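Trainee: With chain A held as given, fit chain B onto it using these hints.
Residue numbers (numbering that gives the first Met the number 0), protein chains in the order written: chain A, 0 to 234; chain B, 0 to 191.
These are computed hints drawn from the structure, not numbers from a lab.
Being a predicted model, the structure only gives us computed values, none of them experimental.
There may be inaccurate statements among the hints.
Listing some non-contacts, in silico: residues in chain B with all C-beta distances to chain A over 12 Å [to be verified]:
1) G63
2) W71
3) V74
4) N78
5) D82
6) S126
7) A148
8) G151
9) T155
Looking from chain A toward chain B, a few residues come up when the C-beta cut is under 7 Å (computed) [said to hold, decoys possible]:
10) V8
11) T18
12) L31
13) G38
14) S172
Ideal Cβ positions, reconstructed from N, Cα and C, are used throughout, including at glycine.
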Amino acid sequence: MHDEIDPLVTSFVEELRATYGDAPTPTPSESLATLFADGIVVAPRARRQSMVKHGLKAVPGKVAAGLVGLLIGYTGLGAAGALPGALTLASDDEQETVVTEDETTTTTLGDDEGGDELADEDGGEATVEDGDGEGDDPAPVNLADVPIPTSVSEAAHNHAFDEACGNHGRYVSHFARFGTEPECATSARQAASESDPEATATATAESEDDGDDNKDKNKGKDKGKAKKAKKAKRH
Amino acid sequence: MGNGIHPDVLLAARAGAGWAFERIYAAWAPAVHGYLRAQGAVDAEGMVNDVFLRVYRRIESFEGDATGLRSWVFVIAHNLVLDQRRYAGRRHQEVAVERLPDLDLTGDVADIALGGSRVRALLALVSPEQRDVLLLRFLLDLSLEDTAAATGRTVTAVKALQRRGLDSLRRRLEEIPSTPVSPRPDPTLTEA
Chain A
0 MHDEIDPLVT SFVEELRATY GDAPTPTPSE SLATLFADGI VVAPRARRQS
50 MVKHGLKAVP GKVAAGLVGL LIGYTGLGAA GALPGALTLA SDDEQETVVT
100 EDETTTTTLG DDEGGDELAD EDGGEATVED GDGEGDDPAP VNLADVPIPT
150 SVSEAAHNHA FDEACGNHGR YVSHFARFGT EPECATSARQ AASESDPEAT
200 ATATAESEDD GDDNKDKNKG KDKGKAKKAK KAKRH
Chain B
0 MGNGIHPDVL LAARAGAGWA FERIYAAWAP AVHGYLRAQG AVDAEGMVND
50 VFLRVYRRIE SFEGDATGLR SWVFVIAHNL VLDQRRYAGR RHQEVAVERL
100 PDLDLTGDVA DIALGGSRVR ALLALVSPEQ RDVLLLRFLL DLSLEDTAAA
150 TGRTVTAVKA LQRRGLDSLR RRLEEIPSTP VSPRPDPTLT EA
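Isolated chain A (complex conformation):
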């Protein structure tokens, strides 16, 4: 990197580094100290918006104008009926979107080990097995189903617990420091699993099973009482 300096200048460079290269760490100002303690709240939406803006800015003006013109022309032709397939294409796109959401929902349910176990044990509990009904509307993210990140990079891209932890930075910084999710995320997961309707349905099913068992037990008791009553009559 510094091949062109001769021995005379080399000694100067060494002296320069000895004098200024290892200066003491200045005491952070109050603003910096507060920043170290509290960090900065990074809004994910703002970042996405800035990325979108950045992306749009990157598109040359003429290209963007051309694309807009094409879109207007296409829409105009479609409205005039010159493109009979346009409506069909649009509806296909919507269906594809719905299908994607369904797949996502189905995948999420499929990843739920508890759901699979319930399906095996209960033998066709509709609320567990049938995912079609839940795919019609976009389902909210179940925090219990969000996979635990295995790297800081995954944690940085996981915004599911931003609200539970107050801000995204708190979640990422804890994970980067300790390799585990913070307590706010763990509590949110636990709360989500406890309020899981599948779990509720399971509990209901189990309680119903218990009720049936109790009914069977009561039937047995009743039978026993009836037998005693018959014996008493004979005597």
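Mentor: Same frame as chain A, now just chain B:
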């Protein structure tokens, strides 16, 4: 001068983690402080704080690795020096960046070569533009490309400034008798 910042720390800093900011500060504040002192800044410590406040305000938009972040921090430090220099040039009054001592260049250069101020005196003998390049290249170890970006020049222009600055130093060094570098004070002794 090592990098010293783990990629996970950079990731956490971009997410706004305060502890990551502190790690970055601890790693590079001494180098920034040294650079500002070499540039003759009066309130070098205050300027170091300004540098890192600027860094943290913009770090979310930074794209690159830890090595790139280090260069970026030093570029911000250099820009602060330029801002102060322009301010001093406009106001011609009390300046934030201390003017390097008015040296009697007609006299014997050896008279001004005393202890640690020898380096400062030699730096004063080159133009500000040459001094910027020499400090960015040899004190902060920035590449030619990063130095060019920091100074707003082409790589060719940076090479030319570096060569002219080194030639000036070489001529002066040949005139000055070699003097031992005064040892830096032992911080442990100072604390005692």
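Trainee: Look at each hint and say if it fits the structure.
Mentor: Hints, verified against the model:
1. G63: Correct as stated: the minimum Cβ-Cβ distance to chain A is 15 Å, above 12 Å.
2. W71: For W71(B), whose nearest Cβ neighbour in chain A is about 17 Å away, the distance exceeds 12 Å, so it holds.
3. V74: V74(B) clear of chain A: closest Cβ-Cβ about 18 Å, beyond 12 Å.
4. N78: For N78(B), whose nearest Cβ neighbour in chain A is about 18 Å away, the distance exceeds 12 Å, so it holds.
5. D82: 18 Å, holds
6. S126: 17 Å, holds
7. A148: 17 Å, holds
8. G151: 21 Å, holds
9. T155: With a cut-off of 12 Å, T155(B) remains clear of chain A, as the shortest Cβ separation is near 14 Å.
10. V8: Holds, because the Cβ-Cβ distance from V8(A) to chain B comes to roughly 5 Å (cut-off 7 Å).
11. T18: Hint holds; T18(A) Cβ to chain B Cβ min 5 Å, cut 7 Å.
12. L31: Holds, because the Cβ-Cβ distance from L31(A) to chain B comes to roughly 6 Å (cut-off 7 Å).
13. G38: With Cβ-Cβ at 4 Å, under 7 Å, it holds.
14. S172: At 3 Å from the nearest chain B Cβ, S172(A) passes the 7 Å test, so the hint holds.
In the structure shown, no violation is registered for any of the earlier numbered hints.
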